[in-house]
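Asker: In order, the protein sequences belong to chains A and B.
For what it's worth, numbering that gives the first Met the number 0 labels the leading residue of the first sequence as 0, then goes sequentially.
For what it's worth, numbering that gives the first Met the number 0 labels the leading residue of the second sequence as 0, then goes sequentially.
Don't read these hints as lab results, they were simulated from the structure.
Be careful, since some hints might not be right.
Heads up, the list lumps identical chains together, so a pair's fine if it works in one copy or across two of them.
With a Cα cut of at most 20 Å, we get these calculated SDA-like pairs of lysine to any residue [as the list claims (entries may be wrong)]:
{"hint": "1", "residue 1": "K81", "residue 2": "K111"}
{"hint": "2", "residue 1": "K6", "residue 2": "D172"}
{"hint": "3", "residue 1": "K101", "residue 2": "S188"}
{"hint": "4", "residue 1": "K20", "residue 2": "S107"}
{"hint": "5", "residue 1": "K101", "residue 2": "F186"}
{"hint": "6", "residue 1": "K32", "residue 2": "T88"}
{"hint": "7", "residue 1": "K111", "residue 2": "T88"}
{"hint": "8", "residue 1": "K101", "residue 2": "R170"}
{"hint": "9", "residue 1": "K80", "residue 2": "E102"}
{"hint": "10", "residue 1": "K4", "residue 2": "S109"}
{"hint": "11", "residue 1": "K4", "residue 2": "D22"}
{"hint": "12", "residue 1": "K81", "residue 2": "S156"}
{"hint": "13", "residue 1": "K6", "residue 2": "S115"}
{"hint": "14", "residue 1": "K6", "residue 2": "F186"}
{"hint": "15", "residue 1": "K80", "residue 2": "T103"}
{"hint": "16", "residue 1": "K81", "residue 2": "K101"}
{"hint": "17", "residue 1": "K4", "residue 2": "T51"}
{"hint": "18", "residue 1": "K32", "residue 2": "G148"}
{"hint": "19", "residue 1": "K39", "residue 2": "R79"}
{"hint": "20", "residue 1": "K39", "residue 2": "V13"}
{"hint": "21", "residue 1": "K81", "residue 2": "H143"}
{"hint": "22", "residue 1": "K20", "residue 2": "R79"}
{"hint": "23", "residue 1": "K165", "residue 2": "L180"}
Number of protein chains: 2
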Amino acid sequence: MELLKQKIIHEGIVLNNNVLKVDSFLNHQIDPKLMFEIGKCFADLYREAGVTKILTIESSGIAPAVMTALHLDTPVVFARKKKSLTLQTDLYTEVVNSFTKKETSEVSVSQKFLSSEDHILIIDDFLANGDAALAMVHIAEQAHATIAGIGIVIEKSFQPGFDKLKNLGLRIDSLARIASLDNGQVFFS
Amino acid sequence: MELLKQKIIHEGIVLNNNVLKVDSFLNHQIDPKLMFEIGKCFADLYREAGVTKILTIESSGIAPAVMTALHLDTPVVFARKKKSLTLQTDLYTEVVNSFTKKETSEVSVSQKFLSSEDHILIIDDFLANGDAALAMVHIAEQAHATIAGIGIVIEKSFQPGFDKLKNLGLRIDSLARIASLDNGQVFFS
């Protein structure tokens, strides 16, 4: 997606060889028109896929997921992060490791909102090590739902997430694929 | 907003005299078309107000805020909740008490994204005791920004938040105002 790549080039900050900061339009400040176009792009890719529900994780996944849902006319569910291990039987729960925050947390989705009838499109802001996306895949599996695919705003192709998901036979669509952040520069693949 | 009131009546769950659960369309699952209409409604109210930026708090404020921003053509910034008290000098930070979660946390906004040039519209999903909205007001003050107003999706008018904000001379626009949740029923004011 050219508009997104331009935004990354002009506003992205390469913190080191692994971390790209895009908090001016995606992770802290949000550009709503860009999100609208991102949502349209994902919707165009999945228009004929029979998606019944979009699944994302709070918080940075919400804006692109809601815009995709607007274009596909489906509900969104966002998995909630929580630290406590309170046992609640009406939740699908998974452990997720955050690459950027270097911490482990739990994410959960109410069983009310995902079922075996659902064909799910997973949306997330970043794909790095794939842990957040994998947690969502496992939540979908717990619900006995099927997965239409995984839509990623920015994929860091030099990290193992893409291969992990691909090896599960999942469809992955990334709107910007970054081959390298070496020497403070963004190289797209 | 009639569409929102109907949604509350049909899908809202009154947990007790103080708590209304709307996780089927706002707080966990999100109805994107309703959010689009909510955003349009806030935008219509603030079209001539000279808003330069929308401020909300993760996570449930993000969807209505992004849709409002889409209609007003402004960026959104969402305040981040964090538990740790790591001192970072480039952040505006405030303490916020969560009414529903019975916990105290910190919220912060990068100083890069709010300045004295900004005229801010604060958006949030609920107004109850007003603590989240007040934290955002204080963050705007730290930035020496001015406040156009506060847009609330669902106001519980029987709790003190509205009066606290009104006493500061702030404009508040709530799309649904709930007078009471007594006896398991929603009464709008």
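Asker: Confirm or reject each hint.
Answerer: Here is how each hint holds up against the structure:
1. K81 - K111: Within one copy only: 18 Å inside, 28 Å across.
2. K6 - D172: within (19 Å within a copy, 34 Å between copies)
3. K101 - S188: Answer is neither: 26 Å inside a copy and 47 Å across each miss the 20 Å cutoff.
4. K20 - S107: between (26 Å within a copy, 17 Å between copies)
5. K101 - F186: Intra 25 Å, inter 46 Å, cutoff 20 Å: neither.
6. K32 - T88: neither (39 Å within a copy, 30 Å between copies)
7. K111 - T88: For K111 and T88, only the intra-copy Cα distance (11 Å) is at most 20 Å; the inter-copy one is 42 Å.
8. K101 - R170: neither (27 Å within a copy, 41 Å between copies)
9. K80 - E102: both (12 Å within a copy, 15 Å between copies)
10. K4 - S109: neither (35 Å within a copy, 23 Å between copies)
11. K4 - D22: Cα proximity of K4 and D22: one copy only (15 Å, versus 35 Å across).
12. K81 - S156: Close neither inside one copy (28 Å) nor across copies (29 Å); limit 20 Å.
13. K6 - S115: Neither, since 38 Å and 25 Å both go past 20 Å.
14. K6 - F186: Within. Shortest intra-copy distance 13 Å satisfies the 20 Å Cα cut-off; inter-copy 46 Å does not.
15. K80 - T103: both (10 Å within a copy, 16 Å between copies)
16. K81 - K101: Both: 15 Å inside a copy, 14 Å across copies.
17. K4 - T51: neither (29 Å within a copy, 25 Å between copies)
18. K32 - G148: neither (24 Å within a copy, 22 Å between copies)
19. K39 - R79: neither (25 Å within a copy, 27 Å between copies)
20. K39 - V13: Neither, since 27 Å and 36 Å both go past 20 Å.
21. K81 - H143: neither (23 Å within a copy, 33 Å between copies)
22. K20 - R79: between (23 Å within a copy, 15 Å between copies)
23. K165 - L180: This pair counts as neither: shortest intra-copy Cα distance 22 Å, inter-copy 49 Å.
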